[in-house]
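Place chain D on chain E using the hints.
Listed here are the chains, written in short residue letters.
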Amino acid sequence: MLGEQELIDGCRKGNRASQKALYERYCRKMMVVCLRYSKSSAEAEDILQEAFVKVFQGIKDFRQESKLETWITRIMVNTALNAQRKKLYLFPMVDVEEIDLPDEELSVSGIHFTQLLEMIQSLPQGCQVVFNMFAIEGYSHKEIATLLSISEGTSKSQYARARSLLQGKLVKETSYYSKYGEAKI
Amino acid sequence: MERQKFDDSWRESFKDAEVSPSESLWTNIELDLEKENSSKMKRRILFFQLLAAASVAFAMSFAGLGVYLMLESRSAETLVATGEASSNNPASQNANRENQEISPSTTGQPSSSSMAENSQAAATQHYVTTPGAHPGNTAGNPASTPQAGQTTTQPAPAQQHDLAAAEKQSASPANREAGHKAGTPAGDASTGAARPLTARVDETGAPGSTRTSRVQQPSNRDVPASSPHAASQRPIAANVDKGQLPPAASQGAYAANSKKTQSPRAVSQGAIAVNADKAQQPDAAAQDAFKVNNGKTQTANAASPGAVAMNADKAQLHNAGAERQQANGAVASTAGTGVDLSKTQGKLPVLVNPAAPVLVMAAPSSEPDPVALMLARLSDQEKQFEQKEKESKKKDKGTERLWTSVGFAAGSYSMVTSSAANNAAAASASFDNMLASTSNNALTDDVIHKQASAPGVAYSVGLNLGTRLATRWVLQGGVNYLTQSSNYTTNAAVVGPEGNSTVASINELDKISTSGRKDTRVVNTAEYNVNSSLQYFSVPLQAGYLLVNRTFGLQFNAGVSTDLFIRNTLTPDGGSFQKTTQTRADDSPYRPINFSGLVGTEFSYRFGRHYRVALNPGFRYPFSSIYKSDIAVSAAPLTFDVGLKFRYIFH
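Residue numbers (the numbering used here), protein chains in the order written: chain E, 1 to 185; chain D, 1001 to 1651.
Don't read these hints as lab results, they were simulated from the structure.
Warning: the hint list may mix true and false statements.
[To be verified] Derived BS3-like pairs (lysine-lysine); straight-line CA-CA distance at most 27 Å: (1) K29(E) x K39(E); (2) K156(E) x K1390(D); (3) K29(E) x K169(E); (4) K54(E) x K1579(D).
[Stated by the list, open to error] For each label pair, taking beta carbons as the anchor points, the in silico distance ranges come out as: (5) E65(E) x R1011(D): 49 to 55 Å; (6) V1360(D) x D61(E): 56 to 62 Å; (7) D1008(D) x G14(E): 20 to 26 Å; (8) G58(E) x H1610(D): 20 to 26 Å; (9) K1040(D) x E69(E): 56 to 62 Å; (10) K60(E) x V1358(D): 35 to 41 Å; (11) D1380(D) x G58(E): 31 to 37 Å; (12) Q1004(D) x D61(E): 32 to 38 Å; (13) Q1384(D) x G14(E): 46 to 52 Å; (14) S151(E) x S1020(D): 36 to 42 Å.
Fair warning: this is a prediction, and the values are worked out from it, not measured in the lab.
A virtual CB, placed ideally from N, CA and C, is assigned to each residue, including glycine.
Isolated chain E (complex conformation) (with noise of 0.2 Å):
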């Protein structure tokens, strides 16, 4: 097993057995990091392959100034990001109204991560961008906004649009559990 710096040494030069031991080590986190950027594994996939090639060729310049994959997971969200920005253009996002939050906040504990993806990819294309960046990511909507050249404004209304969808897919998942008694997988 090789350790990270070996990896990162060895896809500098070239090798290909190191560049292949670190698309294993990190294939099936960004599979899911570019599954909840697009609507199908197909889409996701090609994110995926777009990016690690990327990573492979971008790694001279890598610092090491963060993790590793800290690093790649950045690469995946800005391929994601390209490869969406062009729905984005021809269905621009735009303020959605305000709309009335539940007052509790119901917990995704319990529930698979598949059947978030699903209801992450469930969300109109905007919002699923949004809601990705901000709740999962950590950026902030100042940040949000200068990726997809967007107004800060309307960052906020997707997340609450896209927050206010989940929590409605929640609250059937939840009242599900509470009929059925188990998790749906």
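Relative to the frame of chain E, chain D by itself:
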């Protein structure tokens, strides 16, 4: 806060989430990486190619510029030399005299020892200084004329140039030997001294060299002839090739001299410095020369280090000129004796003695290049193979050795008949009986006649096989199904004992006659139509001659067909009468086997390697009547049909 918890819960859910991508994804990534590497390599190769091309272009342009400048400088020198020669003739005589002084013992023999002696003499002579000489006399005033008692060792520029020219002519290995025999670095210097005015071949061909080469001649003008520095330089230079100079002087002279031959075209001070050995700095050379000067002269101040260097150069020129004169056999004598320079006056030195170009043909290699041989053989074989393939294709296109075809033909026939009434010899007992058994001879005769002579249409469909016997002969055979159908009207019927009425036909009449039954009779009825259908199995066998055997084909066919009778069906119109069918039985009036002659043409078109379609118009005519010989009537249908065949060519 709640929102934060909501986001955190989502983040936590995906923290350790993993989904395996498809197995082919890594392969795709590898392919993308390989593509990127190959494109990078291509870009790199292109860059180096462009770099190499730019370098070559730069070098060639640089070299071209150098050659251009060199040629230009040579032409300028030529013009200058010509101008000086024409304008400074009196001065040249003085110069000649001086040269005589310089080399008193010249005997005109270009021997190294004599040259050495002359040089020494010149050196001795050069020690006569010219007091009161003013340095800094300008160039072009070489006739700061030598004063009485003074020997100026400064020849006029024209003479200097002549000397230079003569010098070059004498720039021979002998001179070099003289230098080498001196056995010192000054010996090398002497080589340079012996040939100061020879064209200096700069190693790099840089323009600076041409510039330096120009220096030498005008430098003679620049430096005053009577300059003590010049005078002091001359002995130094003169002694250089003797190796008699003190080390500093020799070094200075050595520095001032170039290891290479020096061009007489040095014009600038800086260029003179460059006249020094390539590796030397001009300042160092000039300074050395200056030092030498100071060591020799009393109080002279060089106008510039370069001028001092120029002086040294001129001394060398002068000395070399003296030696050259010796080599050329100039009459030399002690001071005061004129030197005959007529041969060298007005003539430009030969800068370059180009050897006559010799065309050297590359000797043909005794052994042929094996790779070239192999390639030639391969190309020959390839050509032969292509030729064979073309021929086989051509043959293939025209030749069809075995094929099968399925065809359909349609046509019409007319009966060629001869009845017993017209042919008494054909009358048979049965016919007579037939006639006798009926109560109405005319009616019966009418029935027979109408049936036997009714024209009709013929259809055939069949499968054939063909093969090529020779280039233009083919044989075809097959199996066909042939039907001949005719319609006629009749007004007779045969009534049986049960009262059933059937179509009156030759069949029935023949049965009646053969059975001899009286309860069956032929009766007259109203006219009605009857359709007669004869069916045969036909086995044709034809030979064909190919008139045209290309994509379009034309073929003449002729052959024989064996027709096997199947049945004859008479179908009356209306429902009043029953149809009758006569099969191939003993009591059938039809011949079971008949032979027909076939003749026709075939127009065909070949499409593709294995397919041909053909149109076959032709005639069929039975050799004998379709009826048995005991039937008095004779009928042979002459059929004309046009067939369409689709042929599949096996090979």
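Evaluation of the provided hints:
Note on K29(E) and K39(E): the hinted pairing holds, with a Cα-Cα distance of about 17 Å set against a maximum of 27 Å. For the proposed pair K156(E) and K1390(D), the alpha carbon gap of about 77 Å is over 27 Å, so the pair is violated. Only pairs whose Cα atoms come within 27 Å are accepted, and K29(E) paired with K169(E) is accepted, the gap being roughly 24 Å. Our distance criterion of 27 Å between C-alpha atoms is broken by K54(E) and K1579(D), whose separation comes to about 91 Å.
Against the hinted window of 49 to 55 Å, the Cβ-Cβ separation of E65(E) and R1011(D) comes to about 22 Å, which falls outside the hint. Against the hinted window of 56 to 62 Å, the Cβ-Cβ separation of V1360(D) and D61(E) comes to about 59 Å, which satisfies the hint. At about 40 Å, the beta-carbon gap between D1008(D) and G14(E) misses the expected band of 20 to 26 Å. Look at G58(E) against H1610(D): about 60 Å separates their beta carbons, and that is not inside 20 to 26 Å.
A C-beta distance of roughly 27 Å is found between K1040(D) and E69(E), which places it outside the suggested range of 56 to 62 Å. A hinted range of 35 to 41 Å for the beta carbons of K60(E) and V1358(D) is inconsistent with their spacing of about 60 Å. The hinted window of 31 to 37 Å between D1380(D) and G58(E) is violated, with their beta carbons roughly 55 Å apart. At roughly 34 Å, the beta carbons of Q1004(D) and D61(E) sit within the given window of 32 to 38 Å.
Separated by about 49 Å at the C-beta atoms, Q1384(D) and G14(E) satisfy the suggested range of 46 to 52 Å. Under the hint 36 to 42 Å, the C-beta atoms of S151(E) and S1020(D), about 39 Å apart, fit the expected range.
When the structure is compared with the earlier hints, violations turn up for hints 2, 4, 5, 7, 8, 9, 10, 11 and for no others.
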